[in-house]
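S.K.: Protein chains in written order, with the numbering used here: chain Z, 1 to 123; chain E, 1001 to 1184.
For the record, the hints were derived by calculation from the structure and aren't laboratory data. Do not take every clue at face value.
[What the hints assert, rightly or not] With a straight-line cut-off of 30 Å between C-alpha atoms, the simulated DSS-like cross-links for lysine-lysine are:
id	chain 1	residue 1	chain 2	residue 2
1	E	1090	Z	92
2	E	1113	Z	93
3	E	1096	Z	92
4	E	1098	Z	113
5	Z	92	E	1113
6	Z	113	Z	93
7	Z	113	Z	92
8	E	1124	Z	113
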Amino acid sequence: MTTTTRILTVDDSPSMRALLNHALTAQGFDVSQAEDGMAALDWLALNEVDVVITDINMPRLDGFGLIERLREGSRHRDRPILVLTTESSEEKKARARAAGATGWIVKPFDPAKLVAAVRRVSH
Amino acid sequence: MFHKPILPNPSGLERVTVMQGQALASADATLEFSTVLGSCVATCLFDPDARVGGMNHFLLAEPPAGYGTAVDEHYGLYLMELLVNEMLAKGARKSKLKAHLYGGANVNRNMMKIGSVNAEFARKFLANEGIALMREDLGGTQARRVDFRPASGQVRLRTVEDRLAPPVQPTARPAKSLGDVELF
């Protein structure tokens, strides 16, 4: 028996959220969306999720801040968090890793690779 | 401010060519971004408060096999996001951004109307993101040259001979390791 994997996508671009939503729901995932780190924290306080996919550059609370805040508490300490970003610098990647990210994906994303990564970290 | 014509003698300015696949932003008053467009589209963004401007130059790519749609929007979206992020990194605010769109000509009448597809993608992106489109010069059949001064938002637009524009064939998805996944 399989259950649907629940994903929260965090990105300030409505266009990117729509593209992600299309790519992930087409593969049977249950997708929710947040527009920045603060909105993601609010949503995660009330909802359960299996995987978080977050952008880095966002207003109010960026991806680094979101990961740090989620890792501070016990509830999301082991939650898989994939960073999906236009950033290509090694320094930013190292920072995401140090903050507790599970993986790093560079945009523009390949839907097949993204889905494979989600399946891998959610099992 | 965004609509003032540029004087014909840009002495002392450093001209930076924005190539297909690039997105650049600056607050430097001695810079001028320049590009030549056939079917490609250039987005010029300007924050009049921060006096920061930026330009990208994109052509939507053909989709990977089995992707199912006429064009692959991932690459265009990537270049739009890259431009917005460059603007924000230079001190612009997203809520203040004003946009111009240029290009999207259907230069080769035998091809699919890739210029129109690019133009429609760019318009849709700006509408979705809530970025005000102040001016557009899109479509038609002639290549264009755009000169844009990022610190003032001034634009000069000219039509040019088609042979000066980059090739109009939709490019394959960029070869560099796009979408690569690294699990920590």
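S.K.: For the pair supplied as a hint, residue 113 of chain Z and residue 93 of chain Z, confirm whether the alpha-carbon distance does not exceed 30 Å.
M.R.: Satisfied, since the Cα-Cα distance of roughly 18 Å is no more than 30 Å.
S.K.: For residue 1090 of chain E and residue 92 of chain Z, compute the direct alpha-carbon distance and say whether it is at most 30 Å.
M.R.: OK: residue 1090 of chain E and residue 92 of chain Z at ~18 Å, within 30 Å.
S.K.: Residue 92 of chain Z and residue 1113 of chain E were given as a pair; does the straight-line alpha-carbon distance stay at or below 30 Å?
M.R.: violated, 39 Å
S.K.: Do the alpha carbons of residue 1098 of chain E and residue 113 of chain Z lie within 30 Å of each other, as the hint requires?
M.R.: violated, 35 Å
S.K.: Are the Cα positions of residue 1113 of chain E and residue 93 of chain Z separated by 30 Å at most?
M.R.: violated, 39 Å
S.K.: Holds or violated: residue 1096 of chain E with residue 92 of chain Z, Cα cutoff 30 Å?
M.R.: With Cα atoms ~27 Å apart, residue 1096 of chain E and residue 92 of chain Z stay inside 30 Å; holds.
S.K.: Is the hinted pair residue 113 of chain Z and residue 92 of chain Z satisfied, with a Cα-Cα distance of at most 30 Å?
M.R.: Holds, at roughly 21 Å.
S.K.: Please work out if residue 1124 of chain E and residue 113 of chain Z have their alpha carbons no farther apart than 30 Å.
M.R.: holds, 26 Å
Checked against the numbered hints above, the structure breaks hints 2, 4 and 5 and satisfies the rest.
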